[in-house]
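Asker: Input sequences plus hints: build the corresponding full structure.
Those protein sequences? They're chains A and B, same order as listed. Those letters in the first sequence? Residues 3 to 434, by the numbering used here. Those letters in the second sequence? Residues 267 to 528, by the numbering used here.
Note that these hints are calculated values from the structure, not bench results. All residues carry an ideal CB built from backbone N, CA and C; glycine is no exception. There's no promise every hint is true.
[Said to hold, decoys possible] Straight-line Cα separation of at most 30 Å, DSSO-like style, residue types lysine-lysine; simulated pairs:
#1 B:K440 - A:K178
#2 B:K440 - A:K12
#3 B:K320 - B:K440
[Claimed, not checked] Chain B regions said to be covered by chain A (calculated; three or more residues, Cβ under 8 Å):
#4 274-281
#5 399-405
#6 467-477
[Claimed, not checked] From the derived model, a few chain B residues whose C-beta atoms are all more than 10 Å from chain A:
#7 P322
#8 Q342
#9 T350
#10 T388
#11 N429
#12 M437
#13 C446
#14 V449
#15 A450
#16 G452
#17 N501
#18 R506
#19 Q517
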Amino acid sequence: VSKQQTRTIKVDVLARVEGEGALYVKLKGDVVQDVKLKIYEPPRFFEAFLRGRHFSELPDIVARICGICPIAYQMSAVHAVENALGVAIDPSVRLLRRLFYCGEWIESHALHVYMLHAPDFLGYPDAIAMARDHQAVVQQGLRLKKAGNRIVTLMGGREIHPVSAAVGGFYKAPSKSALKELVDELKWALDASLATVRFAAGLDFPEFEQDYEFVSLCHPDEYPFNEGRIVSNRGLDIDASAYEENFTEQHVEHSNALHSVLRGRGSYMVGPLARFNLNFDRLPDVAQQAARDCGLKVPCRNPFRSIVVRAVELVFACHEALRVIREYEPPAVPRAQTPARASTGQAATEAPRGLLYHRYILDQEGLITSAKIVPPTSQNQKRIEEDLWHFVSQVATRPAGEITSKCEQAVRNYDPCISCATHFLRLHLERE
Amino acid sequence: MSSKVRRKPRIAVFKFASCDGCQLSLLDAEDELLGVAGALDIAYFPEASSAMLKGPYDVGLVEGSITTHHDAQRIQEVRRQCKTLITIGACATAGGIQALRNWKDVDEFIRVVYATPKYINTLKLSTPIAEHVPVNFELRGCPINKHQLIELITATLAGRKPNVPTYSVCMECKRKGNVCIAVAQGVACLGPVTHAGCGALCPSYDRGCYGCYGPMESPNTGSLSNQLRILGQDNAEITRAFRGFNAWAWQFRKASEESERT
Numbered sequence: 003v004s005k006q007q008t009r010t011i012k013v014d015v016l017a018r019v020e021g022e023g024a025l026y027v028k029l030k031g032d033v034v035q036d037v038k039l040k041i042y043e044p045p046r047f048f049e050a051f052l053r054g055r056h057f058s059e060l061p062d063i064v065a066r067i068c069g070i071c072p073i074a075y076q077m078s079a080v081h082a083v084e085n086a087l088g089v090a091i092d093p094s095v096r097l098l099r100r101l102f103y104c105g106e107w108i109e110s111h112a113l114h115v116y117m118l119h120a121p122d123f124l125g126y127p128d129a130i131a132m133a134r135d136h137q138a139v140v141q142q143g144l145r146l147k148k149a150g151n152r153i154v155t156l157m158g159g160r161e162i163h164p165v166s167a168a169v170g171g172f173y174k175a176p177s178k179s180a181l182k183e184l185v186d187e188l189k190w191a192l193d194a195s196l197a198t199v200r201f202a203a204g205l206d207f208p209e210f211e212q213d214y215e216f217v218s219l220c221h222p223d224e225y226p227f228n229e230g231r232i233v234s235n236r237g238l239d240i241d242a243s244a245y246e247e248n249f250t251e252q253h254v255e256h257s258n259a260l261h262s263v264l265r266g267r268g269s270y271m272v273g274p275l276a277r278f279n280l281n282f283d284r285l286p287d288v289a290q291q292a293a294r295d296c297g298l299k300v301p302c303r304n305p306f307r308s309i310v311v312r313a314v315e316l317v318f319a320c321h322e323a324l325r326v327i328r329e330y331e332p333p334a335v336p337r338a339q340t341p342a343r344a345s346t347g348q349a350a351t352e353a354p355r356g357l358l359y360h361r362y363i364l365d366q367e368g369l370i371t372s373a374k375i376v377p378p379t380s381q382n383q384k385r386i387e388e389d390l391w392h393f394v395s396q397v398a399t400r401p402a403g404e405i406t407s408k409c410e411q412a413v414r415n416y417d418p419c420i421s422c423a424t425h426f427l428r429l430h431l432e433r434e
Numbered sequence: 267m268s269s270k271v272r273r274k275p276r277i278a279v280f281k282f283a284s285c286d287g288c289q290l291s292l293l294d295a296e297d298e299l300l301g302v303a304g305a306l307d308i309a310y311f312p313e314a315s316s317a318m319l320k321g322p323y324d325v326g327l328v329e330g331s332i333t334t335h336h337d338a339q340r341i342q343e344v345r346r347q348c349k350t351l352i353t354i355g356a357c358a359t360a361g362g363i364q365a366l367r368n369w370k371d372v373d374e375f376i377r378v379v380y381a382t383p384k385y386i387n388t389l390k391l392s393t394p395i396a397e398h399v400p401v402n403f404e405l406r407g408c409p410i411n412k413h414q415l416i417e418l419i420t421a422t423l424a425g426r427k428p429n430v431p432t433y434s435v436c437m438e439c440k441r442k443g444n445v446c447i448a449v450a451q452g453v454a455c456l457g458p459v460t461h462a463g464c465g466a467l468c469p470s471y472d473r474g475c476y477g478c479y480g481p482m483e484s485p486n487t488g489s490l491s492n493q494l495r496i497l498g499q500d501n502a503e504i505t506r507a508f509r510g511f512n513a514w515a516w517q518f519r520k521a522s523e524e525s526e527r528t
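Answerer: Laid out in structure tokens, this is it:
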């Protein structure tokens, strides 16, 4: 390749991500000139049409932002409203919410590890083609995904957009014996997750590390789901109510996009890698040991290894689900009273893809007058582009086809959910 | 030349404005997925595969509603490429939750959500696929029921009518032996006017149906609105109840506009 030759690498439809995006990389010789992660998913305006709706409708409506992680949206919404209304939830409800989240993490991580990300490492276009050579691996992934979906279905009626979550708790709490029926499959899932860690750790990883600012929730003694302060490896330590003072969106000229940044500091990363690096000591022994056994270092700064970290989180989620089921006693009342009052509430919870922030302002009738939702993918978007800038220069001498597939893989490291992000990403719809 | 070798039917999955949940239903059919993949040639399914083969296709599954000029053109091309076109889910069959814009000023919506309004290219209405092109079958639900999807694909390939009932959620409740929560507890429930398919989930979880499968074949929404008033709901609440995930389906649209005017 001549020093002056300009090459562009375009992926018009990014596959194996949730939602519609495209990738554009421009090289001059082997030097990167431009990187754009383009989003052409049409906007759906959730924050606008939520105004005038009652807070009790929120869990059902915000679930529809994402078919892959509806529980994350339900959880951030109910906690934000409970914070606004000053409602305390029953300890059993708190446990149930952790179990609900375990189900979603297992389903979402198994989907990503086995069906969306592993085909990159093993050189297949999809898990179905991969199954022809690795049938047992894909079947293990599908069964693991199903184990997560079984928790969600038992607690909420269906895998996608479950119906039981409510402000104050649940419409109906499961019985102890119903949960016990999940135990055998979850014990299998725990073993399968350990096998997933070994499988993922055995893949080939590009040598690529970045100096990230990792951001996640941090709870004094639990691996985070619904509660904790928002912390980073560079000293951030705030309550969710201070999120908007610390994070903002920035207009980036080269892409006509606004990206979520930490004020005065720039890009950051949310998601499994951030949670793992900031909360390693809160993982149960079995998950810590699995990470150590496969040589996963803390902090892990190679985003390609996020597939291993997702597998470690699968171990955690299966272990945690079993713990919750062991300790669970049904709440006296599944749903606390939630009298309306004029108020504002914020909350952040850990969606499978990372921190998910919600803020609502309610009037005295309980109707929403303002809503703000910041999903994980819009927070990671700037970081994904920065990874690509650095990574492309590392592989620039390779043939175009290989650069393209490696770049796609680098985007998939983040398990981006473009459907989620689009309703909030401030992106220019560019046509060529 | 032998034409005896049966070619596997080619299937494609297309996405418009949506949450991805309905196409995920296909991947959520964990027990059936590899079997389905063996019987079909999954030619175009970007969410699951980077191998994206050109049309024409025997069956096209379409998720999502039409909300941009670009998508209004794209659905025409999708229709031309697909012998049988099936729309899946409330967005594709009724415009989805994003159709709430249809009663509002979309330019104001853009200003609320987006910092640079001029970059946003959107239509004033979110509309179902069938308002743009002829559709062979509409599968309801937000999200669709994955067992109904498998049944629909199987029936389409076999050339028979799919077994997808059009009666109301009430029928499903009766079959399950649920005590009617509207009658026994006075809970507002859209079950009497809502298309079956979910298995009467909400009443089974101690809450009223919120209509995510859209209107049944011939719903008596006026009668239900009266019943909701008797249960203590005001007109604003009744309007919101019909203005959910299937708000733009004409029967629910008519009901919400009637209660809004009252």
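Asker: For each hint, tell me whether it holds in the structure or not.
Answerer: Results of checking the hints against the structure:
1. A distance of roughly 26 Å separates the Cα atoms of K440 (chain B) and K178 (chain A); the hinted pair therefore holds under the 30 Å criterion.
2. Our distance criterion of 30 Å between C-alpha atoms is broken by K440 (chain B) and K12 (chain A), whose separation comes to about 55 Å.
3. For the suggested pair K320 (chain B) and K440 (chain B), the alpha carbons sit about 46 Å apart, so the restraint of at most 30 Å is broken.
4. With a cut-off of 8 Å between beta carbons, the stretch 274-281 of chain B has 1 residues touching chain A; three or more are needed, and the interface restraint is violated.
5. Restraint check on the stretch 399-405 of chain B versus chain A: 0 residues with Cβ-Cβ distances below 8 Å, three needed, restraint violated.
6. With a cut-off of 8 Å between beta carbons, the stretch 467-477 of chain B has 7 residues touching chain A; three or more are needed, and the interface restraint holds.
7. Look at P322 (chain B): its CB is around 18 Å from the nearest CB on chain A, clear of 10 Å, so calling it non-interface holds up.
8. Non-interface call for Q342 (chain B) relative to chain A: holds, since the shortest CB-CB distance, roughly 16 Å, exceeds 10 Å.
9. Listed as outside the interface, T350 (chain B) is consistent with that label: its C-beta sits roughly 21 Å from the nearest C-beta of chain A, beyond the 10 Å cut-off.
10. For T388 (chain B), the non-interface assignment is contradicted: its Cβ lies about 6 Å from the closest Cβ of chain A, within the 10 Å cut-off.
11. Once the 10 Å rule is applied to beta carbons, N429 (chain B) is consistent with being away from chain A; the minimum gap is 20 Å.
12. Its beta-carbon lying about 17 Å from the closest one in chain A, M437 (chain B) satisfies the requirement of being farther than 10 Å from that chain.
13. The Cβ of C446 (chain B) lies farther than 10 Å from every Cβ of chain A, with a closest approach of about 16 Å, so its non-interface assignment holds.
14. Consistency note on V449 (chain B): stated as away from chain A, and its beta-carbon is indeed over 10 Å from all of that chain's, at 18 Å minimum.
15. Listed as a non-interface residue, A450 (chain B) keeps its Cβ farther than 10 Å from every Cβ of chain A; the least gap is roughly 15 Å.
16. No beta-carbon of chain A is positioned within 10 Å of the beta-carbon of G452 (chain B); the least distance is around 15 Å.
17. The non-interface label for N501 (chain B) is consistent with chain A: the shortest C-beta to C-beta separation is roughly 14 Å, beyond 10 Å.
18. For R506 (chain B), the condition that its CB be more than 10 Å from all CB atoms of chain A is violated, with the nearest at approximately 7 Å.
19. At roughly 20 Å, the least C-beta separation between Q517 (chain B) and chain A is larger than 10 Å, which holds for a residue marked as non-interface.
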